[in-house]
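Throw the hints in and build the complete structure from the sequences for me.
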Amino acid sequence: MKRFTTGLIAVGMLVAGTVSANATTLKLAHAAPQGDLQQKLAERFAEDVKTMSDGDITVQIFPQGQLGNDSQMITGTRSGIIDITMSGLNNFTGMMPELGGLMLPFMITDRDQAYEVYDGEIGQEASAKFENFGLKVLGYPENGFREITNNRGPIVEPKDLEGLRMRTNNSEALNEMFALLKANPQQIPVAELYTALETGVVDAQDHPITIVQSFKFYEVQKYLSLTNHSYAALVLAMNEKKFNSLSEDQQAIIMKAAKDAIDYERKLSKDGDAAMIADLESNGMIVNDDVDHAAFQKAVRPVWDTFTAKYGDELVNKVQAVTSK
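Here the sequence shown stands for residues -23 to -1, 1 to 302, where the numbers follow mature numbering (1 follows the signal peptide of the UniProt record, and there is no 0).
Where hints are given, some of them may not hold.
[Claimed, not checked] Straight-line C-alpha distance at most 16 Å; calculated EDC-like pairs for lysine to aspartate or glutamate:
1) K159 to D180
2) K275 to E134
3) K159 to E196
4) K4 to E217
Just so you know, these hints were derived from the structure itself, not from any lab.
Here's what the structure looks like:
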């Protein structure tokens, strides 16, 4: 009996060793809280990858900046310390500043335009640029249209921004936009933004509704104005060497799971806008949708001119060919 039991243990160890040798664990990191749509995307992606690979690939999720800020996560993914990261496209423009043309104010004005841009030829050409930096783009999830929150009052026309100490991200175009409209832009990492708003370091900020909600900015901001001034895409990117180390079947699983998760997240974003706005109102925010978009579009046009003078107009013309249909 003892010899039989010992044999079973040996077989079990051999099987376990075989499973372990074939199994792959991928670390996926992002900066958003667990209640954000980015986490829902990550969970859907992880579930589908595990199911489609029969458990051979497991995705371990690290939300809320557990593995560093956006810049650190991108660096970690390029080096292979992190396998997959999800971050705003603006956080990659330090390497590829020409991609900032995708975020010019009022360049993309509705979701259908955005999806055609990012899922089509323009997005494919952008993805190829990432490979120069050791990254494989799995797709472009949605962060949403950027809106403005502040504590002074509704933003109806460009002059309403004058004098506001405005937190901005590292988008060259958006920083120029707010400076042009006589706000005082200050770059602050999103992980530090709540405290900066709470302590009055800045008066205002711009983010999609989902971020306003998930980061609980409604606790430190009174007014939300639906300016829709820039479409914010995310990038789901994988270490290229890690991706290439997978079998063709595994690569196909990763790409299919990423597409399905992005489609799922985009639908949640689109369908959830009204509910998120209602939730923000129930938490005390005053929501303003009376925005003079035409006045803003006219006022920010010099930002386009500056960008094209510096980086050329090829990308801008390609996007306009889509948005003018």
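A quick look at each hint next to the structure:
1. Restraint check for K159 and D180: the C-alpha separation of about 14 Å stays at or below 16 Å, so the hint holds.
2. A distance of roughly 11 Å separates the Cα atoms of K275 and E134; the hinted pair therefore holds under the 16 Å criterion.
3. With a C-alpha separation of about 26 Å, the suggested pair K159 and E196 falls outside the 16 Å cut-off, and the hint is violated.
4. A distance of roughly 14 Å separates the Cα atoms of K4 and E217; the hinted pair therefore holds under the 16 Å criterion.
Figure legend: structure checked against the earlier numbered hints; the only hint not met is number 3.
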